[in-house]
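Engineer: Residue strings, one per chain:
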Amino acid sequence: MNNLLTVEKVRVCYGELEAVRGVSLSLAAGETLGLVGESGCGKSSLGRAILALERIASGKIEFNGTVVSSLKGAALKQFRRQAQMVFQDPFGSLNPRLSVGAAIEEVLFVHGIGGSRAARRERAAALFEDVGLEPDWLSRYPHEFSGGQRQRIGIARALSLEPKLLVADEPVSALDVSVQADIIQLLKRIQRDRGLAYLFVGHDLAVVREMSNRIAVMYKGEIVETGTTDQVCDNPQHAYTQKLLSAVPDIDKAFAQ
Amino acid sequence: MTTQPEQPLVDVQSLSVHFGSVAEPVRAVDGVDFQIFSGEIVALVGESGSGKSISALALAKLVPEPAGRIVGGSVRFQSLEKQKGAGSACFQGLEVLKLKSSELRKLRGARIAYIFQEPATSLNPVFTIGWQIGEAIRLHRKGVHVKQEVEKLLTSVGLPDPARAAQAYPHELSGGMQQRAMIAMALACNPDLLVADEPTTALDVTVQKQILDLLVELRKTRGLSILLITHNLGIVANVADRVYVMNNGKIVESGDTRTVLLTPQHDYTKKLLKAVPRLHKTA
Ligand SMILES: Nc1ncnc2c1ncn2[C@@H]1O[C@H](COP(=O)(O)OP(=O)(O)OP(=O)(O)O)[C@@H](O)[C@H]1O
Ligand SMILES: Nc1ncnc2c1ncn2[C@@H]1O[C@H](COP(=O)(O)OP(=O)(O)OP(=O)(O)O)[C@@H](O)[C@H]1O
Ligand SMILES: [Mg+2]
Ligand SMILES: [Mg+2]
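Residue numbers (this note's numbering), protein chains in the order written: chain A, 40 to 296; chain B, 3 to 285.
It should be emphasised that the hints constitute simulated quantities derived from the structure, not laboratory data. Among the clues, some could well be false.
[What the hints assert, rightly or not] In silico DSS-like pairs for lysine-lysine, Cα to Cα no more than 27 Å straight-line:
| id | chain 1 | residue 1 | chain 2 | residue 2 |
| --- | --- | --- | --- | --- |
| 1 | A | K292 | B | K211 |
| 2 | B | K211 | B | K154 |
| 3 | B | K276 | A | K292 |
| 4 | A | K227 | B | K272 |
| 5 | B | K211 | A | K259 |
| 6 | B | K211 | B | K144 |
| 7 | A | K203 | A | K227 |
| 8 | A | K292 | A | K99 |
| 9 | A | K259 | B | K154 |
[To be verified] The calculated label-pair distances, taken between Cβ atoms and stated as ranges, are:
| id | chain 1 | residue 1 | chain 2 | residue 2 | range |
| --- | --- | --- | --- | --- | --- |
| 10 | A | S108 | B | A69 | 39 to 45 Å |
| 11 | A | H277 | B | G145 | 54 to 60 Å |
| 12 | B | E174 | A | K111 | 47 to 53 Å |
| 13 | B | Q212 | A | T105 | 38 to 44 Å |
| 14 | A | A286 | B | A69 | 38 to 44 Å |
| 15 | B | S103 | A | N274 | 56 to 62 Å |
| 16 | B | D258 | A | K116 | 18 to 24 Å |
| 17 | A | G54 | B | A112 | 34 to 40 Å |
| 18 | B | T261 | A | P174 | 38 to 44 Å |
| 19 | A | D273 | B | A69 | 45 to 51 Å |
[As the list claims (entries may be wrong)] Far from chain A, by Cβ distances over 12 Å, these chain B residues were calculated:
| id | residue |
| --- | --- |
| 20 | K102 |
| 21 | S103 |
| 22 | H147 |
| 23 | K154 |
| 24 | D206 |
Beta carbons are placed, not taken as given, at the ideal position from N, Cα and C, and that holds for glycine.
Start from the sequences, fold in the hints, and give me the full structure.
Structural biologist: In structure tokens, the structure reads:
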């Protein structure tokens with residue numbers, strides 16, 4: 040198996056609390072694994088652990104065949120470039136004192152890509168356009184955007200380094216369905232072009248279905264069910280998955296009575 | 003709801019909010035009218051960046067100043083039982099946009115409570131969740147046993163371990179737990195109007211259902227009015243009485259939920275409905 044990412048029996052603990060309890064999963068280049076589950080079951084903790092943003096209590100995470108926890112210096116920096124995250128809380132993940140354009144340009148500069156200052160600026164503008172924002176707005180600060188606009192800035196920034204792995208934590212939850220559809224198409228196009236792999240965390244099961252090749256269902260820190268997207272959505276095995284699927288608020292059902 | 007009292011709880015007329023320079027303003031809200039009646043759940047839907055959150059903030063004059071300017075319109079808030087002794091004068095209503103800051107402070111929390119779109123921006127990182135909710139109770143409701151009420155509220159929003167949540171600092175909670183803590187904080191004030199800006203985006207559908215059931219219940223038992231901003235048209239279909247559709251700072255369509263969602267008139271509403279992702283590809 041040629042996996043880009045392998046997660047083996049990973050545990051994440053906060054003091055007494057064991058948030059992630061021995062999770063194993065794998066992800067190939069160009070593949071999307073959807074991760075769904077109860078609020079508070081450990082999805083974000085797992086996502087951060089994969090990107091070495093959270094210490095793991097035990098277990099092993101391998102990226103491209105190297106153990107992530109052993110990375111240091113230049114190798115760690117290289118990993119940070121290749122594995123990016125769209126954070127669940129867009130506001131908290133943006134520096135309030137930097138214009139969003141400067142923030143993206145800085146990320147490019149730190150990783151020595153984008154060439155000259157003008158080229159970096161151009162690249163930031165192109166990314167902005169990709170996510171449906173006006174390049175004119177690059178000089179604005181994070182608080183000057185709407186919630187959904189900020190979420191798209193987080194996506195643009197994460198994509199700016201052309202990563203190989205993107206952990207996308209609820210990346211489209213603040214978008215209206217029309218913009219959401221555009222962003223999903225964008226993510227899929229980039230995946231086709233560059234073989235990018237996604238760990239796609241989401242609560243909207245229809246969106247997760249649209250994005251994913253496989254789905255993993257997490258419950259109380261453990262993965263309780265995995266399968267192809269169709270298997271999990273059409274023939275759920277675990278009681279929690281069944282409960283999840285039956286609770287989706289639906290327009291057609293609401294007006295059927 | 004089919005029967006509406008004559009006077010809306012909130013009556014917004016020709017509201018306009020601008021950002022940026024006076025010469026070339028960004029017209030975030032551009033002449034918007036809407037009403038919310040007592041005990042009604044009204045949904046505000048529309049494009050990302052169309053002005054929903056800013057309109058909602060204007061209801062309590064919370065538009066970020068000086069960057070944002072309310073350049074026109076009125077927001078009338080009907081005084082209900084909380085201003086009893088005032089006799090018929092109470093039907094004059096309050097012109098929110100003209101209130102002094104001390105009066106505004108009374109309005110916020112006591113009459114209008116907010117569930118903000120991004121919990122992290124409105125929960126204070128240096129206080130525990132329990133303390134913050136307790137503070138809202140202490141400020142707005144005399145004679146209530148604070149600690150008990152905090153636990154009750156945290157339980158009602160579906161937090162599995164309310165005692166732990168009460169002792170936690172915001173960063174120690176998951177995204178969806180923070181969102182529920184904020185809902186509990188808003189309800190702690192016992193408001194007449196709850197403005198819920200994307201209140202369930204970070205929640206899985208089972209908890210989401212629990213929260214929506216709670217809101218519908220509060221509307222029934224307490225006559226709570228709710229302005230619900232959401233991108234989830236499935237939620238709108240399930241809980242809202244009426245809906246307003248916003249695009250580009252303007253309300254482009256409104257009506258009772260069934261009519262708007264089943265027979266949309268405006269192109270933008272049609273586009274929106276067509277883009278709804280379906281879990282099961284039938285139809
Ligand atoms: N920094 C922290 N300190 C202490 N506890 C934490 C911390 N971060 C998360 N937790 C706890 O770990 C558990 C899992 O949280 P996590 O954020 O991973 O959940 P999640 O699945 O992403 O939930 P959501 O869908 O609500 O975002 C929760 O009980 C949470 O309170
Ligand atoms: N401080 C600010 N300075 C300049 N423009 C702003 C500011 N705050 C908001 N805006 C702009 O006002 C418009 C309306 O914003 P608002 O937050 O009301 O949108 P929204 O409908 O809530 O969108 P979303 O669904 O993405 O949350 C947006 O185009 C936004 O960029
Ligand atoms: Mg999370
Ligand atoms: Mg908003």
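Engineer: Tell me the hint numbers this structure goes against, listed in increasing order.
Structural biologist: Hints 6, 8, 11, 12, 16, 24 contradicted; others consistent.
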